[in-house]
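Peer 1: Next come the chains, spelled out residue by residue.
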Amino acid sequence: MTAWLVRRCAAAIAIVFAVVTLTFLLIHLAPGTPFVPSDERVLDPAVVDGLRRQFGLDRPLGVQYVRYVVALLHGDPGYSFSLRRPIGEVLATTVPNTLLLSGAALAIDFLLGAAIGLYQAARARHRADVVLGNATLFLYSVPTFWLGLVLVLVFGQHLAWFPVGGDRNPVLYPSLSLLGRLGDRAWHLALPALTLGLVGAGGTARFQRAALLEVAGQDFIRTARAKGLHERRIWLVHTLRNALLPLITLFGLALPFLLTGAVLIETVFSWPGMGKLAADAIFTRDYPVVTAAALLASVMVVLGSLVADVLYSVADPRIRLGEGGARA
Amino acid sequence: MTPRHWAVLLALLAAAAIGALGLRAGTAGSDAARRFFRHPTAAFAVGVLLFFVLIAVCAPLVAPYDPSAQLEIVQLQNRPPSWMHPLGTDLYSRDLLSRLVFGARVSLAVGTLAMLVAVSLGAVVGLLAGYFRRWMDGVLMRLVDVGLAVPRIFLLLIAVSLWSQLPLAILVLTIGLTGWFATSRLVRAEVLSRRELAYVDAARALGAPPARVILRHVLPNAVAPLIVSAALGIGSVMLLEASLSFLGIGVAPPTPSWGNMIADGKEQIATAPWTTLSPGLAIVLVVMALNAVGDALRDALDPRREAT
Amino acid sequence: MKEPLLRVRDLKTYFVTERGRGTARAVDGVSFELYPGETLGIVGESGCGKTVTSLSILRLIPEPPGHIRPGSFIEFEGRNLLTLSPPELRAVRGNRIAMIFQEPMTSLNPVFTVGDQIAEAAIVHQRLSRRAARARALEMLRLVGIPDPEARLDDYPHQLSGGICQRVMIAMALVCHPQVLIADEPTTALDVTIQAQILELLERLQAELGMAIMLITHDLGIVAGSADRVVVMYAGQVVETAPTPELFTRAQHPYTEGLMASVPRLDRPPAARLHSIPGNVPAATDWPSGCRFHPRCPYAWDKCRAEEPPLLETGGAGHTARCWLVAEPQRRMRRS
Chain F
122 MTAWLVRRCA AAIAIVFAVV TLTFLLIHLA PGTPFVPSDE RVLDPAVVDG
172 LRRQFGLDRP LGVQYVRYVV ALLHGDPGYS FSLRRPIGEV LATTVPNTLL
222 LSGAALAIDF LLGAAIGLYQ AARARHRADV VLGNATLFLY SVPTFWLGLV
272 LVLVFGQHLA WFPVGGDRNP VLYPSLSLLG RLGDRAWHLA LPALTLGLVG
322 AGGTARFQRA ALLEVAGQDF IRTARAKGLH ERRIWLVHTL RNALLPLITL
372 FGLALPFLLT GAVLIETVFS WPGMGKLAAD AIFTRDYPVV TAAALLASVM
422 VVLGSLVADV LYSVADPRIR LGEGGARA
Chain S
113 MTPRHWAVLL ALLAAAAIGA LGLRAGTAGS DAARRFFRHP TAAFAVGVLL
163 FFVLIAVCAP LVAPYDPSAQ LEIVQLQNRP PSWMHPLGTD LYSRDLLSRL
213 VFGARVSLAV GTLAMLVAVS LGAVVGLLAG YFRRWMDGVL MRLVDVGLAV
263 PRIFLLLIAV SLWSQLPLAI LVLTIGLTGW FATSRLVRAE VLSRRELAYV
313 DAARALGAPP ARVILRHVLP NAVAPLIVSA ALGIGSVMLL EASLSFLGIG
363 VAPPTPSWGN MIADGKEQIA TAPWTTLSPG LAIVLVVMAL NAVGDALRDA
413 LDPRREAT
Chain L
4 MKEPLLRVRD LKTYFVTERG RGTARAVDGV SFELYPGETL GIVGESGCGK
54 TVTSLSILRL IPEPPGHIRP GSFIEFEGRN LLTLSPPELR AVRGNRIAMI
104 FQEPMTSLNP VFTVGDQIAE AAIVHQRLSR RAARARALEM LRLVGIPDPE
154 ARLDDYPHQL SGGICQRVMI AMALVCHPQV LIADEPTTAL DVTIQAQILE
204 LLERLQAELG MAIMLITHDL GIVAGSADRV VVMYAGQVVE TAPTPELFTR
254 AQHPYTEGLM ASVPRLDRPP AARLHSIPGN VPAATDWPSG CRFHPRCPYA
304 WDKCRAEEPP LLETGGAGHT ARCWLVAEPQ RRMRRS
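Protein chains in written order, with this note's numbering: chain F, 122 to 449; chain S, 113 to 420; chain L, 4 to 339.
Worth flagging that the hints you see were computed from the coordinates, not collected in a lab.
There may be inaccurate statements among the hints.
Unchecked claim - Here are the simulated distance ranges between beta carbons:
hint : chain 1 : residue 1 : chain 2 : residue 2 : range
1    : F       : 338       : L       : 135       : 25 to 35 angstroms
2    : F       : 249       : L       : 253       : 52 to 62 angstroms
3    : S       : 305       : L       : 130       : 40 to 50 angstroms
4    : S       : 232       : L       : 292       : 49 to 59 angstroms
5    : S       : 116       : L       : 289       : 29 to 39 angstroms
6    : L       : 48        : S       : 309       : 22 to 32 angstroms
7    : F       : 302       : S       : 305       : 21 to 31 angstroms
8    : S       : 366       : F       : 441       : 54 to 64 angstroms
9    : S       : 328       : L       : 157       : 46 to 56 angstroms
Unchecked claim - Footprint (simulated), chain F over chain L, 3 or more residues, beta carbon under 8 angstroms:
hint : segment
10   : 105-115
11   : 123-131
Stated by the list, open to error - Derived list of chain L stretches under chain F, where covered just means 3 residues or more per stretch with a C-beta under 8 angstroms from a C-beta of chain F:
hint : segment
12   : 96-102
13   : 150-162
C-beta: ideal position from N, C-alpha, C; glycine also.
Isolated chain F, as found in the complex (with noise of 0.2 angstroms):
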């Protein structure tokens, strides 16, 4: 088990640098050169020569790629020409806002994706099933911008339940007491973490429906009902039990979702994530934030399988105990 986890671990920093790597061959090997100002100068070419000496670019491939890694270990993913800040300290108020984002969304697509998914199950093929399966179809195929913006709409504008925008109230938050301020943030977090839970509850309701079935298909659960064990008792205890195990692996696979749903959701709602950032910097063409955004959300993504994997292996008793050897 130890073994298996520590080949694990190395697998995922393989794969990091080697994202790491990707987009240093990317930035290096796209045409154009670096140092295209955001309004079009044309920049005197000396200026140009002593800012590529400045920043290493003169050094052949080889050494700049090594002194890439080596700043990346030592947390400077650079400098950002747009901002004029390095992107280090524009990465550590930005992620903050998009875990929270992010985390909120995913407890919100797990909660109410599985709960659905049961209810579907446990009413297959009748009429709640029908109805919740085009809710989840509909949830599933709508765009999460799309949705964002008609939500803006309705709860923001019309309704006025909650902010358009924003991750706290520009001029009231700093005047809050404490309270004021959990509450303040909450209600702007509100929307856009339901946005992008909605959209991913959608998918996991559908998964989870099918994963639940397949179970209760097996000739386990047939035994538990020769038990004589109630319906309620064999689908919340032992179907879904079982039913748990594919969800961990729909976990892993939701971060990279999530991700991109908050570059989105973050633009509608003016949300100031790490997605916003990599999304505004686009038209600056901003590329070492954009790129410096995509390892740290690849980071994330390898991370997030990595421990849907170890969490697998600790539910599933048969991958936890091994195979025991049959005894007779």
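Place chains S and L on chain F using the hints.
Peer 2: Relative to chain F, chains S and L alone:
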């Protein structure tokens, strides 16, 4: 919008309905088709898809105006739906229905072409990795691991930030090139489960070259998950294109795509919501139909699975 | 004559088929009795309806696509099992009537320990505390002859062999001392040597605990060794019932004859061609007219094609057969 345009629209609607029902009746002999249409929404979904494809193909006949034409700049700016403009007009005084119809062409084409790139590449990689194994499998699957580690949108953001506005063809290609990873794993799994089967061994024992064994014995059985992948893939590419266009880096104006129509209407969503609602609903309808078809295909093409 | 413990009367279980090819009448009017303390063998080929019969008793048939027809009657402890309310049915399942299945490895929940699964039955039916139930589970593991039972309590099914898993299933089924144990092909998935052990175990447990066993199998050898009485099924019906010795020496129904002739025997020359009943088991959606065995029967004449025979007394004690030959024994001539 003249009566003629209404007539064309209704005719296409009827054609789609008849086409879907006809397909169901015509394939009633096939087991797979029967399993497909057993899904309550399958026939309806096929009809929806047919309708939008027909609209896209017959766009010039359906659209009452030129999608880029800026009609009466002031009077017709952001007008709500009316008889003349059933879906209203947008910020630039363009007829939304015409834009939606021509946008269907772009969105559906981008979706299908990018999906074809992704699925083909994924199939080839999966076949090679699964059949030849050893170092080729190792290298290719590590590549897939890396590809799956970076969320797709970030890959596209990097591409755009490095190369600025991508021409449509390059956009399609890039979307396709970033979307083959999951498919390759799927195909590889299918190949792995089949290559040990007796008939593959038999073919090899008879001296058949690897290419022949792959193409004739292994591939036909891997086709089913590929088809499902394809149907679902078009949907996810369409959502991706919409997202990119919304962020401003997708299909460039004035060419209408459903995604950039939503982006155009974003600023006046409070005052003129119809500008974002109709393209969004169009995307939702088509993607829902594609997902429904994908699900039904999955059950139809793999009878071993318990239909859920 | 003792009172039967379980009386099945005219059981009909039908399934709706996918293609609209009509209804599959898997069990079509089956009647038999089970007496206290006896082992009743139910034997037949695949497709004859024996498993569906056994599942119907505890109403384990999935409701769409299957359904048990009204008019079917299964009497147990003075009540019709088929009309019990859900709570009443749950009180019978695993408690008064228990069942074990063919594939022991997949019939146990992979994410719970063996001890927990056995204890669960005790907790649900006997309201034992967790500790008492665990002790009971340990007792049961010992009873079914599992070596080192304390260690096995906390094992998961995948860590155990098929033979041990089946013993666990038996332990789980018997923890509440049921009156009836239904065993659906309990040894089919196991090695021959383990088969013998399991059958011996069932015999020993029956002697110790006194329950009746309904043993469903396709293997005549098992029936010969373990059953007191036999019910032979074909095409959804009972075609012959008899005490075991009587069946093996004086089988009346041509199908039973055919089954016995098909068993390879040590006292025949090894080069002799193995007998097989010609033809195939018909589809449950389309039973033949008249006697359902007539297309494959060497003795069939026009009455067999036209009229379905009822179960007729053959003269032997407790021996009935669904065959016109019982009424007209002179027709017992082979057609070539």
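Peer 1: Taking the earlier hints as the rules, which of them does this structure contradict?
Peer 2: 5, 7
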